[in-house]
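Now for the letters of each chain:
Number of protein chains: 4
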Amino acid sequence: MDLDRELVDQMIAWRRDFHRHAEPGWTEFRTTSIIARTLEEWGWDVVVGPDVHRGATRMGVPPADVLAEARTRALAQGADPELVERMGEGWTGVVATLDPGRPGPVVAFRFDIDANDLHESSDPRHRPTAQGFSSLNEGAMHGCGHDGHAAMGLGLARVLADRRSELTGSVRIIFQPAEEGVRGAHSIVEAGWLDDVDVFIATHLMAAQGFGHVCVGMDSFLASTKFDVTFTGVGAHAGANPEKGHNALLAACAATTNMAAIAPHSAGTQRVNVGTLNAGEGRNVVPRLARMQVECRGADSRINDYVFARARQVVQGAAQMFEVSHEIVVTGRAETAPPSPELLPFVHACFAAVPGVTRVTDTGGDPGSEDATAMMNRVKERGGLATYVAIGMDAPWGHHTEDFDIDEDCLAIGVAAESQIALDAAAFLKGLRG
Amino acid sequence: MDLDRELVDQMIAWRRDFHRHAEPGWTEFRTTSIIARTLEEWGWDVVVGPDVHRGATRMGVPPADVLAEARTRALAQGADPELVERMGEGWTGVVATLDPGRPGPVVAFRFDIDANDLHESSDPRHRPTAQGFSSLNEGAMHGCGHDGHAAMGLGLARVLADRRSELTGSVRIIFQPAEEGVRGAHSIVEAGWLDDVDVFIATHLMAAQGFGHVCVGMDSFLASTKFDVTFTGVGAHAGANPEKGHNALLAACAATTNMAAIAPHSAGTQRVNVGTLNAGEGRNVVPRLARMQVECRGADSRINDYVFARARQVVQGAAQMFEVSHEIVVTGRAETAPPSPELLPFVHACFAAVPGVTRVTDTGGDPGSEDATAMMNRVKERGGLATYVAIGMDAPWGHHTEDFDIDEDCLAIGVAAESQIALDAAAFLKGLRG
Amino acid sequence: MDLDRELVDQMIAWRRDFHRHAEPGWTEFRTTSIIARTLEEWGWDVVVGPDVHRGATRMGVPPADVLAEARTRALAQGADPELVERMGEGWTGVVATLDPGRPGPVVAFRFDIDANDLHESSDPRHRPTAQGFSSLNEGAMHGCGHDGHAAMGLGLARVLADRRSELTGSVRIIFQPAEEGVRGAHSIVEAGWLDDVDVFIATHLMAAQGFGHVCVGMDSFLASTKFDVTFTGVGAHAGANPEKGHNALLAACAATTNMAAIAPHSAGTQRVNVGTLNAGEGRNVVPRLARMQVECRGADSRINDYVFARARQVVQGAAQMFEVSHEIVVTGRAETAPPSPELLPFVHACFAAVPGVTRVTDTGGDPGSEDATAMMNRVKERGGLATYVAIGMDAPWGHHTEDFDIDEDCLAIGVAAESQIALDAAAFLKGLRG
Amino acid sequence: MDLDRELVDQMIAWRRDFHRHAEPGWTEFRTTSIIARTLEEWGWDVVVGPDVHRGATRMGVPPADVLAEARTRALAQGADPELVERMGEGWTGVVATLDPGRPGPVVAFRFDIDANDLHESSDPRHRPTAQGFSSLNEGAMHGCGHDGHAAMGLGLARVLADRRSELTGSVRIIFQPAEEGVRGAHSIVEAGWLDDVDVFIATHLMAAQGFGHVCVGMDSFLASTKFDVTFTGVGAHAGANPEKGHNALLAACAATTNMAAIAPHSAGTQRVNVGTLNAGEGRNVVPRLARMQVECRGADSRINDYVFARARQVVQGAAQMFEVSHEIVVTGRAETAPPSPELLPFVHACFAAVPGVTRVTDTGGDPGSEDATAMMNRVKERGGLATYVAIGMDAPWGHHTEDFDIDEDCLAIGVAAESQIALDAAAFLKGLRG
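These protein sequence lines are chains A, E, C and X, in that order. When we follow the working numbering, the leftmost residue of the first sequence carries the number 110, and every step to the right adds one. When we follow the working numbering, the leftmost residue of the second sequence carries the number 110, and every step to the right adds one. When we follow the working numbering, the leftmost residue of the third sequence carries the number 110, and every step to the right adds one. When we follow the working numbering, the leftmost residue of the fourth sequence carries the number 110, and every step to the right adds one.
Hints are computed from structural coordinates only; laboratory data are not their basis. Warning: the hint list may mix true and false statements.
To be verified - Once the Cα atoms are required to be at most 16 Å apart in a straight line, the calculated EDC-like pairs of lysine to aspartate or glutamate come out as: (1) A:K353 to X:D414; (2) X:K489 to X:E191; (3) X:K489 to X:D337; (4) E:K353 to C:E451; (5) E:K489 to E:E191; (6) C:K353 to E:D414; (7) X:K353 to A:D414; (8) E:K353 to E:D305; (9) C:K489 to C:E352; (10) C:K489 to C:E451; (11) E:K489 to E:E299; (12) X:K489 to X:E299.
Said to hold, decoys possible - Covered stretches of chain C (in silico footprint by chain X; criterion: 3 or more residues with CB under 8 Å from a CB of chain X, positions within the stretch not fixed): (13) 140-152; (14) 198-212; (15) 415-427.
Unchecked claim - Reference excerpt, derived from the structure (chain E facing chain X, CB under 7 Å, subset only): (16) T366; (17) A369; (18) A370.
Where is the CB? At the ideal position from N, CA and C, for every residue including glycine.
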């Protein structure tokens, strides 16, 4: 399927608009607002606000003042006040369904929409800078391509709205917030949006993979738990009364070092990283407070669980050592999820048929983490099929760097292949299941 | 000697004005400006600007942007533009001399004038809040009484200007910046301002000591070195390429723990405190940068030197362990300086004669650190006599707390006794040395 | 090929004799002596003593007093005095060659002969105990099956001596000392004994693999470096003069913890283990000396080299931290060595043809380390083919446990298959290389 | 009082005999036996065996096999079999009382009798070596002068037995075992032997003090707790299953480092020393067991208690970190005990009167630890007077070194002064208390 040029240009315009108004996880008020209003116009059933998520299971939501500031900014940048009101304390994201009424399978697509906590490059060689669409929002930047993902989701919705009469079954597009930090998928899963899905496709643009190369079965994700650790002790004058202090920094140092020393699991890859540590009130005061941002990973969830359990013990022991209290808050979680092997030939064929695609592979990837895996696992548990597609780019920069930019030619590839998947899924499944 | 009521009220007014416009170390642009202009009016020879210090020896000067902001604020709050210009990159403080022309000894007094990095209490029971003179400058507060010291210095200058004709020899008053962090005295010493001093008195208001009690020979100060440590490594994605990282945080943790484990010196008290540690760029990045604020102390300079030397080794070893670079910058230094025993009876007598003083002791103190010790040692090395006087208050709060306030009745005690010391020093020295 | 019963019984007798007189690495004076004298009788060319090794490259040789005691014991237990004299400072092991004079390939076999540092079980259910052949040598036990390997080597030599007239090319059997701790292979390789080898087979009995199962291409070995670390500081009375101490134990603790915290390499499995730490002279003395036995491993030599390089940095940094000196002595080293794929079908067929063999696999193994890999790599570098064969047993106990015992029925399997390999190698290579 | 030459020679003979047959703490079977039999002959009431101690309160008793070997050795070296039998599981030491029947005060003396765990020097310049009385018992040596103390106790007993008729009140001599490691005094105190004492004198020869100098009021002892820590985890193969290990060595390293980092108490000197650490079973095994010998000290018991409480927390936290179990066993304890000021002039005068004594001081000492302080405190609690006397020597070597030797001329000084104290105590107390 070829997309008409007008839609391609429109996707590039959406993508640049999202890029210019980058919104990090759980603050995608404007992005959500634009997506929702657009889809409504095109006849999709749109869910926005608390119904997108199962409340208690949200992870890593920023504090109220950050959310309030983000709402104000979103309104100033053109978000719909009624929708912003509905999203309130960060209930961002959209679940949109198109059901033409002909019984058949549910096909679901996941596009993530959040930006990174990054300062965008002001180098004139950086295209967003050169062409005037770099982020207006200080400290927020689309450094992972989710602006492109959101635009693809809109493009796909547009094509399917136009070809509604050809659909058998229904299509659901999930515009997921807060993928960075693997925070946003779980509460959507818990709200049940994946329970009835027969075919599930998550999509990502991939910088290192090369333009024209699509991997339709990313299988190298690591399970991961993201968590914050706080040690709270007792301050004291370091010269006059050191013995009265309960030193939160020494506890944090013991925890940091000994988490790094957790024994490797023989079953496969594992990781622990204390990414940030901030502690202390002044040079001559025994540190009362220490805060750490930590993550662990494993080649599978069992290994990740082992590492996280050991990390908890280390933190508890460090607190005990220095007679300080501790708190561990899980802020994100990702699983491992191998793609459904039966699904791959179909998805492979749909991508291979798209002009510009020169190579399609069935396995691949680097050891990062993704919370779309939680969606994939739910679909598979309920008997559905799921996979994760990476659309390659020629970009020389890495994801999550200040110079990151996407290859906008990729957008059409994703929409062309995935609209075909939506249209042909019923037939594919019929062939598969007899 | 009794002070007239008008001067006492004036000192209280000065003190409250300084309190309201609190300026931390090396940013005392307005405070310096007011002191200098006032002393000039009264006929003192006043030195302001780079000549106060020997340049290369200044320690712990804030970065240029902090100084620029402070200059702007000082000008807005009434500082003299010409003097602010002269003080430029933080050349704050005043050295003022009154020389009536009758040959005799040089008597010098040290008053420190800087505020603390503190948020002042907004509790209505806090007098500065209740009476409307709490700090206008966010994050800056006179929490150690240096506002009172500055007022005493002015009061003493006023009395001696009035009684100029009674002076034999000359008097020097040093209004020292940046005593907090023991940063400001050294470059004044290095500039030579103590080299010709025969009698030297440093003065401090002391919260825990009780009103009416004056200690004329504080001898419990600890030698101390304040230093900043920076470890710089190499960041890397903690999931994909952990082996490419050179982990500055793990180096900082090894340094922190093992500095705390430096063996105690058998000759007396020692301390090490890593007061703050801030490290890392993000949860999933191997930390590239770690910054620490550290101090060590010793019952005498030899012990302090031992601890600092050991701390340097620990930092170097930690850097070596994790293949990161390190930088150690000394930001402050204090010595130990026992008072001159021959001086104590004279100072004792001068304070004992002041109304309100009910108890005078010759030794005392808590294990804090003071850079006036550098001045005392220079005076003593050159054959002069020196001591450190603490004027007690009934204050229930500790120094360096947000509730700190001084007992303004102390101001008169200090000025009364110390103007007598200035007037009688020539006779005292003649008696002593024959 | 079936072995005659007499030879099988003889192998069992040899094996039990070696078991009863267990000799750990570099002290195999009696074992070497018996093997050498026996092979000489059968007409093999036998090399014993310093010519077996390239001197300077031997690793992990015990101290002179241990060697002297072992020589005395070996003599008391029947070793040949002339050979013991020739082996002197631990030049143990035998290289034996059978060259019937018909040009052809060199086929080499490696059997290791050293015992473990273990106390043998005295449980009556332990067969060596029950049948009276448990180790006479306190602290030495064949807990890994090398007694069986040595017996297989003799059995193979016997068969080939008998069938000498059928051989094309020559056969070399290497009876390697000191495999435990991966110490003994390197100096044999350096002496050149592998340089002309066309086909190389290393053999091991494998407890967990099940009787009848032979793996002819063990490919899971980890590269490894074994090393000892010594920190030497300065002792001091811990109460009276702690500052005079340079604490070797604190250095060792910093090294131990931070070696465990070496960042994982993204390319594959790695390990670090500080297996033993012994430090200190008395409760009230600052520890002057600390000794550690350490090993690191990697899925390949590049990873292992990364870990070892990082470990060296950690040790150097720890020494620097505590102002102690350090020494690192490498005591063993193993590489990774995938089997030659062209060789596997031939070896597979030879084992499959042996009665009792029910299953032959081409890949397998657990993540241990082996220094036969050094021999394999040398053979492959020079254009030869090499593999590592594991002959399975039903044993419920693990290797290196006090209850370990071998299944003596395995001996015939190994000799039958490997004598066939020796006899058919020339034809096989001709077929392969045309 | 002058001692006759025969007694002096006899004391030297005793001392050399004890030196030759050195017995460490709780194994003083022969030493006890000889002292007890000798005193019985002279008419003292002698208690030997379990009645000397209150059983459950003994600390640091060696294991049964060490005691059994020591008993065998003692019997071979001439100990009385009946007494050795009575001393059984290490109930060593003697309490001897001489009560002539004239009502009066109880005067008690403490002499400790145990040797050190040391290898004696074989240097021919070492007098015990040169004159043939160096220790026959490998690993045991009188390196602190307790051989001399035991001889002084016997000399004192001899003099008082001879002058029994001059005594008013009674005299008790306590020959204390196991002073090294501050283990032996507590169970004697708990058995009540100090409860009725009016005047108590502990005595020590002091190498660094100079011959002729006696300090009659040693007041610099540190309170101390000696304790053993054992961590028990789970071993595992470090290559194959590192995650199955619970690493006792990593726990011990965390404990060691963080005990060294316990914050200094502002009230005075403190110490922590992990003197020995022994851990691990082999290079390639995750360490299952780690044993540490630790001591802490404080300028007073409150400080020592603070350090010990913090050390317990650190050990518990380290165990928690690595999921290993831990055990803490207190093996010794010493308190601080200032001498009774009223007693000093009397003791001062008695020593000053002895020929050879050239200087007597009332305070002094180095920061070591002594369990006689427990006796002193009990005496003082019950209303008695107590002090600790150090008799100086010119020895160039330190206590607890392999070259240590005593100046035998000191023995007469101690006995002369202390027998006078015993004889005059009644009169002194009468004068003091009226």
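Which of the stated hints cannot be reconciled with the structure, identified by number in ascending sequence?
2, 3, 4, 5, 8, 9, 13, 14, 15
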